[in-house]
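Using the hints, put the two chains back together into the complex; each one sits in its own frame.
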Amino acid sequence: MSQPVNELENAIVISDLKKTFNQVDYVLQGIDLKIPKGSLTAIIGFSGTGKSVILKHILGLYQPTSGSIEVLGRDLSQLDADGMTEFRKNFGVLFQGAALFDDMSVLENVCFPILEHQKNLTEAEIIDRAGKKLVQVGLNEKDFQKLPSQISGGMQKRTGLARALALDPEILFYDEPTTGLDPILTEMVDDLIVETHRHRPGITSVMVSHDLAASFRIADFVVMLHAGRVLLSGVPNVFFKTDNELVKTFVTKGMRI
Amino acid sequence: MILKLANSIDYFFITWANLSLRFVRELGKILLFGSDSIRMFFHKPFRYLEIVRALEFVGNQSLVIISLTGLFTGLALSFQIYLGFKMVNAVNLVGPTVALGISRELGPVLTGLIVAARAGGAMAARLGTMRVNEQIDALDVMGVNTKQYLVAPRVFAAILCTPLLTAVFDAVAMFGAWFLCVHLVSLDEAIFWDRIRATIEIRHIMEGLFKASVFGLFFSVICTYRGFNTSGGAKGVGEATNGGVVTSMVLIIILDYFLTSFIRIYYSFAGITT
Chain A
3 MSQPVNELEN AIVISDLKKT FNQVDYVLQG IDLKIPKGSL TAIIGFSGTG KSVILKHILG
63 LYQPTSGSIE VLGRDLSQLD ADGMTEFRKN FGVLFQGAAL FDDMSVLENV CFPILEHQKN
123 LTEAEIIDRA GKKLVQVGLN EKDFQKLPSQ ISGGMQKRTG LARALALDPE ILFYDEPTTG
183 LDPILTEMVD DLIVETHRHR PGITSVMVSH DLAASFRIAD FVVMLHAGRV LLSGVPNVFF
243 KTDNELVKTF VTKGMRI
Chain B
476 MILKLANSID YFFITWANLS LRFVRELGKI LLFGSDSIRM FFHKPFRYLE IVRALEFVGN
536 QSLVIISLTG LFTGLALSFQ IYLGFKMVNA VNLVGPTVAL GISRELGPVL TGLIVAARAG
596 GAMAARLGTM RVNEQIDALD VMGVNTKQYL VAPRVFAAIL CTPLLTAVFD AVAMFGAWFL
656 CVHLVSLDEA IFWDRIRATI EIRHIMEGLF KASVFGLFFS VICTYRGFNT SGGAKGVGEA
716 TNGGVVTSMV LIIILDYFLT SFIRIYYSFA GITT
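If you read the sequences in order, they're chains A and B.
For what it's worth, this note's numbering labels the leading residue of the first sequence as 3, then goes sequentially.
For what it's worth, this note's numbering labels the leading residue of the second sequence as 476, then goes sequentially.
Here are the simulated SDA-like pairs of lysine to any residue, each with C-alpha atoms no more than 20 Å apart in a straight line: (1) A:K121 - B:L614; (2) A:K36 - A:H228; (3) B:K622 - A:L63; (4) A:K58 - B:G707; (5) A:K91 - B:D615; (6) B:K622 - A:Q65; (7) A:K58 - B:G618; (8) A:K58 - A:E72; (9) A:K144 - A:G156; (10) A:K121 - B:G618; (11) A:K58 - B:N620; (12) A:K36 - A:I173; (13) B:K504 - B:N704; (14) B:K519 - A:I116; (15) B:K519 - A:D82; (16) A:K58 - B:L614; (17) A:K134 - A:L149; (18) A:K121 - B:D615; (19) A:K91 - A:E172; (20) A:K58 - A:Q98; (21) B:K622 - A:A83; (22) B:K504 - A:A83; (23) A:K255 - A:H228.
Since the hints were made in silico from the structure, they are not lab data.
Chain B extracted, bound-state conformation (with noise of 0.2 Å):
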């Protein structure tokens, strides 16, 4: 008994060792991949047309989808946020919780949930179909630096779009609270807007904009390693999709806990009062 015991105690650290051992392995070869391929967007020959190219993969073909969002995460949160306040009749307060709630949370988060969906796995899916097709080995034997020319262009839309796809967020979904709170519940609008005025300062923005950009950076480095390191054909690339959004995702949602504590520690630090 003592000794089956023993044996799974073994067992559980053995496998819990490993796993650690695995993943702090991993964690190191993104980390590489991730360093590398920036300081590679730096060296030339510039990639102007694959940048453009991501450009508009990453944010113009994001838009529709993200204005959509915006508009009914506007919609529903001004509802809800109107319903509760009018219990304590707090209702002028609706448009700054609103506002402070979309441009500092919801904004980046579920933009850069939506855009690691649609482009992360777009390009874990394109890298992946690449790798196992041969034309990242054809890239390389051509002496063309695969890092520079896949990755980069991608890690770096990721990064410029994510906030822009943000601030478009936060103004579709602003418009919805305006809409629902000035034309369906009918409050006043000049209170909505003064009140909205008198909360919001720029920083609360740029707040949202930082760490959308640090999600795309993060879900942009994932996705283009998984799809990068894919193996075994189509299911490999199956698996490399989804390997890289779920990472993504959920890292996305870690990340934006840590992103508000060290801006919380940064704003306390600048005497800045939150």
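This is chain A alone, in the form it adopts within the complex (with noise of 0.2 Å):
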């Protein structure tokens, strides 16, 4: 990945991306940001630099309150709430605490995406392939049947990512993946992310995170936030190389942790 990020096709272009809640304060202050079609992205920045929102603006759940931002190819401005609908279907997303529906079994979960957009499916497919699913991401076939709530915090996790994958999207999203996990869950997350990046050839992967060791080990590019503007972005080795003193401090500390 020796690439340089402006040589390759990009997922997502992100243009001068600006944001407001309460018109006085802008949490976005002009975002400049492209991400590689292809590759293993890890957004990071201290607590309270825009790393949600911008990924809240990616997948259209906020609008900006200027600039663009362009999802394969597509202006999101351009797409009313229909086609936002229907385009969100590229998207499959990992939330922080997985999200996953608590009165629906762990199959009915990953089942439930698949009944939603694949009407010319029978039940008996639609059974086999979030089974499927939710086998590649390392769960077994006598929990499928658990509510939410009887699985561990992994299995969680691993169900809202079997869940996340069910309509093969292009795009795969990680909101903070590995907060509030223990050291060994952690790893055991990011080999899950790393896994499925490489078993899914083509796909883009986006990490919205703050654990530093993580991203750097299993992301291609890395994008640092702060006060709404990007700091530094490119491969991990960049960081190490900066000048630049709060980045370093930031590395240095985060490494640490």
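Encoded structure:
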């Protein structure tokens, strides 16, 4: 991955993105960002720097105050509500807390997006497809009928990932995937992200995280945000060679943790 | 002294203007949310399973509490009216008075309040929890229209079930009134029913059911709106639930007066004597 970011085909292009919620303070103060197709990109930064806000803009959950977002060649501002709903089928998201539906079993959670969007499939085919996704992320068949509350945090993350993969998305997002997990579980989730990325050629993975060690270990590209702006972006090595004091401090402290 | 007074007046008007602005803004948001959700109900795909679940939750699970409240309301109301009418030798009118009061006012209002507290509170809490746990975001990014999937079935169920529950309340309350009048204070059963038949018309019952439908619409839209827009974790869920239920209950009482007036105006235009 030594090719410069600019020369690659981009899955996501963000230009001069600004966002304010109260017309006074800007959470994002002009973000310019390119995420290459097929890469595993980590967006890092201190808490409150706007990492999740960027993610929600890309997912179309927030509207920019100004600036543009292009995903897979489509300008999101040109999509109406129905168009956005349709376009989101290209996305898979693993939320921080997995966001599983607590009244559905593990299997039903993964069946849900397939049932919603693949109307031509039979019930047996949907169950078979969901089962395969669950096995892919390392879940055992005996856990399929359990409710999310009856399985561990790690298994919930796996189920969340299987659900995110259910529609074979072109872009997979991870929102703080390891926050609140113990070191063993953190490593397990990191490995899961790498494995998922490697086993699906062409998929673009975007991870929002403040786990520096993991980001540098697994990501092809890293983007660091600070105060609503991109402070530095590039391959992980760039971060260890920079003269920027803020980045150096962040990296040194982050890696120590 | 004058300057201080002027500042106080300034402060009063600015606060009042801000509050009014906030109220109008919030009202606009609720109206848009409600109309959007109702519009989505008629869009494909129809959420049959969600609708059945909502009907079961709002209607079926409220039956016991509505019946119990109706029974004791009928007993207590008829007893009070009996005691009052006995003083003026008008006990024959206890039946129709209770029937009118129940079908036009107490039935829809009490049912509305109970269902708003039980089902409305649960709606706000459920959607609030789904919001803070990012389940609504998850539905959004899965390309599911969340208003159609989560809100529309609940609003529909409330509009349909509140009048049905009111009908149950009315029937059970009248049973309570009959039981008290005929079996406990020994009024003549034939006179009791005869007077009711002579006084009560189908429109009196329909009036109550119409009110109940409107109450159902309002409490479900308010409670789902509060739940849907929850923020701030468990505290936020608590506030959304509390806010949704309290607003709904106060609104039901206020709405009741305006609906009664509206119906009277309609009757006078239609030439119907009340």
